[in-house]
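Note that the protein sequences, when read in sequence, are chains Y and P.
If you're matching positions, the first sequence starts at -19 in the working numbering and goes up one per residue.
If you're matching positions, the second sequence starts at -19 in the working numbering and goes up one per residue.
Source of the hints: derived by calculation from the structure; they are not laboratory data.
Treat each hint with caution, since some may be false.
Under the rule of at most 25 Å between Cα atoms (straight-line distance), these lysine-lysine pairs were calculated in the PhoX-like manner [unchecked claim]: (1) P:K143 / P:K57; (2) P:K143 / Y:K34; (3) Y:K143 / P:K177; (4) Y:K177 / P:K143; (5) Y:K34 / P:K131; (6) P:K288 / P:K199.
Protein chains: 2
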Amino acid sequence: MRKTIISLFTVLMFFGAKAQDSNNNQLIIQEQGVFAVGGTTVEAEGTYNPDNPKTEGQTLHVDHATVQYQIPSNANKLPLIFWHGFGQTARTWQTTADGREGFQTIFLRKNYPVYLIDQPRRGQGGRSPQETTIPATPNEQYWLGMFRIAKGDDYMPNVQFDKSPETLNQFYRQISPDLGTIDFEVNTDAVSALFDKIGNGVLVTHSHSGGQGWITAIKNQNIKAIVSYEPGSGFVFPQGEAPPTMPSAGGPLEAVSISKEDFLILTKIPIIIYYGDFIPETPSEFYGTDNWRTRLAMAKLFVETINKYGGDAKVVHLPEIGIKGNTHFPMSDLNNKEIAKLMADWLTEKGLDKTSNSETSMNEEIKTLSKEM
Amino acid sequence: MRKTIISLFTVLMFFGAKAQDSNNNQLIIQEQGVFAVGGTTVEAEGTYNPDNPKTEGQTLHVDHATVQYQIPSNANKLPLIFWHGFGQTARTWQTTADGREGFQTIFLRKNYPVYLIDQPRRGQGGRSPQETTIPATPNEQYWLGMFRIAKGDDYMPNVQFDKSPETLNQFYRQISPDLGTIDFEVNTDAVSALFDKIGNGVLVTHSHSGGQGWITAIKNQNIKAIVSYEPGSGFVFPQGEAPPTMPSAGGPLEAVSISKEDFLILTKIPIIIYYGDFIPETPSEFYGTDNWRTRLAMAKLFVETINKYGGDAKVVHLPEIGIKGNTHFPMSDLNNKEIAKLMADWLTEKGLDKTSNSETSMNEEIKTLSKEM
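Modelling step: build the complete structure from the supplied sequences, incorporating the hints.
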């Protein structure tokens, strides 16, 4: 009988762990899959003749996003929708370059439904309506600088990036080419179509998708909050309130003016922005760090403007709260669990981690069962 | 007490279901992730200067495959490695165009570890060492014919393909462009590197990956069996035994001659090949069906030759065993669960579904627990 009870407790712990078994790391997935969303269709004039196939009358489906999703058991109500940055795909949020779990799996374990976007014309995001040439120019060391991982052969001091050659190999190989011109209208339309399909959710952006994220939230009010890692450009301001262009060794940063009416939509949702380490306070000569000096500065002005109009926005500069060594990819840095916890705590603070009723009733059942024993 | 026992049985059923809870469809995943494998690196001559970045001294990592994997709880010993066909990605094996589970999830439920490949220069397979132009030519109706789904506006009679417009939309949007020239050497090297990394497994190919699959199995003896859906070209024969080129309305089909020594490697592993419906026995004028007449004919010769040398190969033409209406994509057709069961039964017949020891001991524990109650 003693063995029965011990085993029963093992089973209960397993059952009670929801999306994660804390003992053995198992994930319990209710549903998973992939779909295309949004996009347009090009149609060649004429009539298609299957007995003599030519371009005439044929179609080309283009400019959709491709979205992979997983819904854990006893899922939270609001899903997290992860949108990659420049030269990246859904891969940004999956396994880290050094082989650990990325935000996809970390947040599944926190019971969030997780959607990973390949934006139009990137990765599995598919085809573009215009013929496109993909260059094959070696440029990886440039990006390693821009991402504040290394300057040339020298890693940033105490950087949260594993220094084994295989990690760097994996990191480089997650870079994915553009399958067409990057078009903010096309991208934000596709991501807005995703929110039309799945309903309310929290948008999580990174770098180049940061600016597109603000625009998408203005387009689609199913976006109930935004978490933005290191937004790189496209900060929006009400007409007449945009700061002047900010020069940096990485290039100039221009603010984007939009109507005040549109801007005010961003004051209706909680927004949090995170920046990592190695961002100088005063101008530096290295493009890779100086580039982020202006971005952080403009993010602060963006947040001030939102809050001035009654919004709820915040910039967290990680070193200022004692979290050091983060690159442009905090979600996959060595301390990514700590970074995820910050985000999870913020979601909780904003009441965005509510569970569905079904979980409550299941927890009740387990409690009853435990008591009866 | 009665409630306790009922609840306990519910919990046990849940626990005993291994990778799947038959009650509520949950998947229990032990580990999941993504990685790049194989590939080469281009290095521009010169030295990189981070203070004045130019192409000199920079690298470009190219020609890897990108592989997503999931390992279910109590996994079978041998994983299944799924390799897509022409114009496709891992998407082939995921959710079907009409929104049902694909082979990825179906075989996870059968306790197989599942690896999904994006081959080099496709989808998230990343960059190519040569500049490449992606055309934007409408061509989808041509492919719908070649895939034996429809001839022009007319679906094949009783085709196992859902006729709603959204299904066709999703199907078209899973087509993905080439990010470089298709190179069999590059592709088979990357997939061989995958088997070096993960060890023994069963390779599952489709269409264009069929011929590449034979070559990969010759390169890497960690491939312990091959399941091939509608291999489209690249049938290999020992030097001097290749059949003549077969003409069809879809173009000529050429056999590939290899050394007898290499060919004999294919006699050491079980191989099964499936073809769907709408393949005529005698020449037809429609390229979309006639193309597969020669492929099926050559597959039969390929299998005969393997078996002549003591191998274990088989062609299953689905309509001949009473399974009708299948297109070129049996893995995502409306009857894909039946198609999966055929494959699963074959894997069992060949002893390829063995479980690990851990499962046996866990099952024993559950049996003991049940008895004690």
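Hints, one by one, checked against the model:
no., hint, verdict
1, P:K143 / P:K57, "violated, 39 Å"
2, P:K143 / Y:K34, "holds, 24 Å"
3, Y:K143 / P:K177, "holds, 21 Å"
4, Y:K177 / P:K143, "holds, 21 Å"
5, Y:K34 / P:K131, "holds, 14 Å"
6, P:K288 / P:K199, "holds, 22 Å"
Hint compliance for this structure: hint 1 alone is broken.
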